[in-house]
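K.L.:
Listed below, chain by chain, are the residues.
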Amino acid sequence: MVLDEKDNRNVWEKIGDYFSANSIWMKWYCTGCGAIELPPTMTSRYDMERLGMGPMATPRQADVLLITGYLSTKTLRRVIYSYEQMNSPRFIVAFGSCTINGGIYYDSYATIGRLDKYLPVDLYIAGCMPRPEVVMNGFNELIKMIKKGQAKGWKHYQENYEWYKKNQLDSLGEVIIKDEFHE
Amino acid sequence: MNVMSFVYGFLVLLGVFVFQTTLTGLNRKVTARLQKRYGARWYQQFLDIFKALRKDSTSHGWVFDFGVIMALGGIMATVIFIPVAGFEAFPGLDNIFVISYLLAVGMLGMAMSAAGSGNPWASIGVARALTNMLAYDVPLMIVIFTLIFAFDSSSLSEIAALQQGMGILGWNAFRMPLGGIVAVIALLGMLGKKPFDSFIAPTEIASGPMVEYGGKHLGFMFILHEFMTFIEVSIILSLFFGGGATIWEYMLKYAVLYTFMNIISGVMPRFKIDQAVKYFYRVPLAMAIVQGLVVIFTGLGVTLWF
Amino acid sequence: MNLTIILAVTVVLAVVSFFITRLNKKAGGFLTVIASLFAFVGLFLLKGSIGGEFSIFYFSFKITMVGWYFALIMVLAYSMTSFFNPFWMDKMMYPGSYNFMYLLSMAGTIGMFFAKDFITLFIFWETVVWSSTFIIQLGKSRKASYVYYVVSAIGSMATLFAIMMAYSVSGTFVISEAFAGLSGGAAIAVFFTFILSGLAKIGIFPFHVWLPAAHGNAPHTFSPVLSGGLVKMGAFIAFLSVTAFPAYEIFSGMFKVMGTPFPIYFLMALGAISIIVGTLMAIKQEDAKKLLAYSSVANGGYILIGILMLDQVGFAGGMMHLVNHAVASAAAFLAIAAVAYRTGTTKMSEMGGMIHRMPVTYIVYLVAIISMAGIPPMGGFVSKWLIFQGLADKGMLFLAAAAFFGSIGSFMYVFRPLSAVFLGQTFTRDLKKKEVGFFMMLPMLILTALSILAGVFPNTILRVITEIQASVGISPVTLAENTIVTVNGYLDAFRVFIVFGFGFTIAFVIFIVRRKSKKVELMDTYTSAEFIHTRELLHYSSKFYAPFERLYDKAPDTMKLYKKIAVKIGELGNLTESLFYGHKPEKTVFWVMITGIFVVIIGGVV
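Protein chains in written order, with our numbering: chain A, 1 to 183; chain B, 1001 to 1306; chain C, 2001 to 2606.
Simulated from the structure, these hints should not be mistaken for lab results. Among these hints, one or two may not hold up.
Okay, derived cross-link-like pairs now, SDA-like style, lysine to any residue, Cα gap no bigger than 20 Å in a straight line [unchecked claim]:
no. : chain 1 : residue 1 : chain 2 : residue 2
1   : C       : 2140      : C       : 2126
2   : B       : 1036      : A       : 154
3   : C       : 2284      : B       : 1062
4   : C       : 2433      : B       : 1062
5   : B       : 1036      : A       : 45
6   : A       : 147       : B       : 1043
7   : C       : 2516      : C       : 2498
8   : C       : 2394      : B       : 1151
9   : C       : 2025      : C       : 2439
10  : B       : 1272      : C       : 2584
Okay, the calculated beta carbon distance ranges per label pair [to be verified]:
no. : chain 1 : residue 1 : chain 2 : residue 2 : range
11  : C       : 2531      : A       : 30        : 54 to 60 Å
12  : B       : 1267      : A       : 30        : 24 to 30 Å
13  : C       : 2574      : B       : 1278      : 27 to 33 Å
14  : B       : 1259      : C       : 2471      : 56 to 62 Å
15  : A       : 13        : B       : 1035      : 34 to 40 Å
16  : A       : 14        : B       : 1267      : 25 to 31 Å
17  : A       : 15        : B       : 1259      : 26 to 32 Å
18  : C       : 2523      : B       : 1278      : 26 to 32 Å
19  : B       : 1035      : C       : 2524      : 35 to 41 Å
Glycine included, every Cβ here is placed at the ideal spot set by N, Cα and C.
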C-alpha cells in the first residue's frame, strides 16, 4: 500500500472519516492466543471506550476485524467469510507476530505465514504478545490513519480482488464440501 | 390538524433526538464511572449513529428494509404523540392505549425486519423480546388501568397535570406506592436494561434482533432505540412522577429517572427469559393487583391520603 | 330486495351446485362464488326494509338491524372464502356435497339471524350445525367433526330446553316476548341453559376444544368461514341473552360485582378465562391453522365480554370486534390456505421464507395479524380500545388483566406464523413456488382493505352499532366526525393514521437519501463464521417460545379431561350392558327388584 498518496477526498468523505475514526466498533476474531490481552484493554485499566471503541457482536455491525494471533489454514476460510460480510469502510488490524510472518509457527504446515497475502491488513501490532499499552498505541495509530484517509485496505481489496482470491485459494487447497458437518 | 402541527411534530422529533442521544452519551459515562472507567465522550452516541449512517449497508430483501422503515416510522409517530410538559403537536391524541399500541407497530416492524434477515439468532432474540414484553406489560397495564379508573382519564397530559401543584407527595408514585414500584420495575423491562436484557445478549445470541444490521440499518436501529427510550421513560414520568410543568422541569426529572434506571442496570446481572417472566408474574403482578384492589374498593390514592 | 328471494335463491342454487359439480367441478365452485356474492349484495340492499315482518310456511321472520349486521358479517366471510372454492375442488373427496353444504349452511345462517321466533331460529341453527358438520368431515380428520358435533349438540339441546322452559311460563316462542315473566331460580336456569349454545359456538372456555379440532382439520377453504363466520353465531345468542332476555333487569336484585349482576359477571369471567387459555394454547401450537383457531378462542372471549357489558362503550367495542375479527381472521386463514395451496402443508416447521415467493399473501397476513393483535392503524385496535375503555370505566380489574394478557400475548402468537411461514429461510423445496392467481388474491385483498378502512374510518361501522344500541334501549356510543368519545378520553383514528403516515414518510426519506444497500443472498448471514449449506437448518421455527412454554407445559389439558369422562361414560354403558345382556339377565332383574323393594321400604320408614 502506498501511504503518501495525495489526499483527494471531498468534504463529505472527510466528515465521514472523522466519524469513522472516532467510533470504531470491532469484531474480535479470537482464535489465537492474543485474545487474552483484550479484556484489560477494554476494562478499567486502559478503557478503550475513551477512544470510542468497543466490541460488537457480529461482522455486519463492525468496522474493524481484529485478528488476534496465528491463523490456521482451516480458520482462514472463516476469516475471509467474516471479512466479506462486513460493510465498507472496513479495516483489518492484525495482532501479534504470527500475523506478520508466522511468528513461532513460521515453519508450521497448518498455519498461514503472512496475513497480508490473503486479506488487506491496515495495521499490524507487533509483539508476542503485544501488551495492552502497545495495543492502545496501535489503535491510536489506526485512528490517525482513518482520519487522514490512509486506511484504504478495503479499497485495495476491491481493486486487487483476483490477486487476493488466488492467494486464498492456493493456501486452502481443495475443500470438498459434503454438508455442514463433513468438509 | 394543520401544517403547523406537522412542523411542530418534526421539531419535537429533532429535539427529542438531540436530548435523548446526549443523555445516552452522558449515561455511558455514568456507567463507566460505576465500573471505575473513564468512559466515552459525552457526544460519543452521536458519533456512533452518524458513523453507522455513513457506512455501506447490506440488505436481505425488501422486508428487511421495509421493516426498518416501518419500525422507525411507527416509533416517530408515537414520539409526536407524547406530551412534553403539556405541549402536544397534535392535541388530544395522547391516549395511553394509543401510545402503547402504536409503540407496538414499531416493535412489530423491527421484529419483522429482524426475522426477515433469515438469521436464527434474530428470531430467537425476537421471541425473547416478545416474551419479555408479555412479562412486564401485564403488571404495568394493570397499574395504568387503575390510574384510568381513579382519574377517569386515559390522557397522559391530563394525568400528569392532575399530579402537579401538590409538591412531591402529589405524584402518583407516592399516592400509589405499590403501583409506583411496579412501574419502575416495568420500566427496566421496557428499556431492556439489565436484569431484563436477555433478548439482546451480545455474546449468547449475537445481539439477537440486531444481528444482521449494519450501516444505515444499524443507524436506524440506534435512532429508534433513542426514540423508544424517550417514549418509555416519558410514559412512566407522566403517569407516576407528575410530568413537568415547564420544559426544564420535565427534562430534569427525565434525566434523573433515566440515570437512576441506568445505575440500577449497571449493578445487575442478567435474568434468563423464563426467570424474568416468573419474576414479573410473582412480585410486580401481585403488587399491581393489590394496588388496583385498594384503589377500586377503598379509593385510597385517588386523592392525597397523608 | 326481499329476504324470501335471497333464501330461496341460495337454497335452490345449493341444490343446483350439487348437480353441476357432478358435471364440472370448477363450474360448481364458481357457482358458490356467484350465489354467495348474490346473497351479500341482496343482504346489503336489505337495509331499506328493516323493521318488516313476514312468514314463509311455518317460519316467521323479522328484519332487525342487529340481524342485518350479523348476517352481513357472516355472508361477507362466506362470499370472500368462496373465491377459493373452485381451486380446491380437485383436492376434495366429495366436491358436490361440499358445495351443496356450503351454500346450505350460508342460507341457514341468514335465516337464523332474521328469525322472529325461537322455533325458526332453532331450525335454521341446526341446519347450519348439520351442514357444517358434514363439511368438516371432508377435511383432514373425521374425528374433528365428532368433537364439533358433540359440543354443538350439547349447546343446542340446552338451548332447546331453555326455550321450552320459557315457553311453559310465557306461552309464546316469539323472541321478544318469550322470556317475559321469568324470575328467581327459573330465570337463572333458563339464562344459563339458553346461553350455553352461544358459549359452545364462540368457543368459551370449557367448550373451546372444538375450535382447534374443527378449524385445524376442516378443509382449508372452510376454516375461514368457521372462524370468521360461524363462531359469530354464538355472539348472536349472547346478544339475545342480554337483550331479548333482559338479564340486567331480571338479575338486578342479585349480588353484584362492580355493578354487574353475578350471573353475567360469571360469564364474563369465563370469557376472561378463555382469553387466557386461548392465548397460552395458541402460543404453543405447531400448526398454523390450530394456532389461529386458538386465537379465535381468545378473541371470542373479548367479544363475549364486550357484548355482555351492554353499556355505551364496551358493548360497541364487542360488536365492532365481531366484524374486525371476522375480517382479520378470515384473511389470516385465507393467507394460510393460499400458502397451503402452494406448499401442501400448514405445519409451521415445514415452511419458511414464503415472503420471497408470495409477497402479496404476506402483506395480507401481516395486515390481518396487526388487526387481530389490536395495533393501530387497523380495525382491531379500535374495538379493543373500546373494550378496554369500557372495562376501565367499570373498574373490572381481573377481566382487564386477562384482556391485557390476551392482547400482549397475541403479539407473541400472531408473530409466530409470520416468522416461521413467511420470514426466515426459504426451503429448497419451495424455491420455485409462485404466488397464487389473481382470483384467489382478490378476496384477500378486499379483506385487507376492509381491515385498514375499519381502522382509519371506524365510525362507518360504529354508526351501525349506535343504531343497534338505540334499538335495544341503551345509550349509543358518542361519535363526532372521525372521533369516538368516551368518558375516559377520545380517539381520532384518522389522525392517528395520518401521523403514522407522517412518521413513516420521514423514516422513508432518511432511508432513501442514504446510499443504496448491497443486496445479498438470504443464506449469506451471520453464522459465527461457520459455513451452512442447508437452508432448512438455518430456519428457526419449531418450539419458538420454548422457554415460555416450559413454564406451563404441566398445565392440565381440557381435552384429556373430556376424553377421561368419555371413557368413564363408556364404562358405565358397558356395565349396564353386562348387567342386562349377560348370560343370566333374570338374575340382574332379581337383584334390581330386591334393591328397589329395599329402597321403597327404607324410604317409607324415613
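K.L.:
If a hint holds in the structure, say so; if it does not, say that too.
P.N.:
Hint by hint, here is what the structure shows:
{"no.": "1", "hint": "2140(C) with 2126(C)", "in the structure": "23 Å, violated"}
{"no.": "2", "hint": "1036(B) with 154(A)", "in the structure": "36 Å, violated"}
{"no.": "3", "hint": "2284(C) with 1062(B)", "in the structure": "29 Å, violated"}
{"no.": "4", "hint": "2433(C) with 1062(B)", "in the structure": "18 Å, holds"}
{"no.": "5", "hint": "1036(B) with 45(A)", "in the structure": "9 Å, holds"}
{"no.": "6", "hint": "147(A) with 1043(B)", "in the structure": "18 Å, holds"}
{"no.": "7", "hint": "2516(C) with 2498(C)", "in the structure": "27 Å, violated"}
{"no.": "8", "hint": "2394(C) with 1151(B)", "in the structure": "13 Å, holds"}
{"no.": "9", "hint": "2025(C) with 2439(C)", "in the structure": "17 Å, holds"}
{"no.": "10", "hint": "1272(B) with 2584(C)", "in the structure": "67 Å, violated"}
{"no.": "11", "hint": "2531(C) with 30(A): 54 to 60 Å", "in the structure": "19 Å, violated"}
{"no.": "12", "hint": "1267(B) with 30(A): 24 to 30 Å", "in the structure": "28 Å, holds"}
{"no.": "13", "hint": "2574(C) with 1278(B): 27 to 33 Å", "in the structure": "45 Å, violated"}
{"no.": "14", "hint": "1259(B) with 2471(C): 56 to 62 Å", "in the structure": "57 Å, holds"}
{"no.": "15", "hint": "13(A) with 1035(B): 34 to 40 Å", "in the structure": "36 Å, holds"}
{"no.": "16", "hint": "14(A) with 1267(B): 25 to 31 Å", "in the structure": "41 Å, violated"}
{"no.": "17", "hint": "15(A) with 1259(B): 26 to 32 Å", "in the structure": "31 Å, holds"}
{"no.": "18", "hint": "2523(C) with 1278(B): 26 to 32 Å", "in the structure": "37 Å, violated"}
{"no.": "19", "hint": "1035(B) with 2524(C): 35 to 41 Å", "in the structure": "36 Å, holds"}
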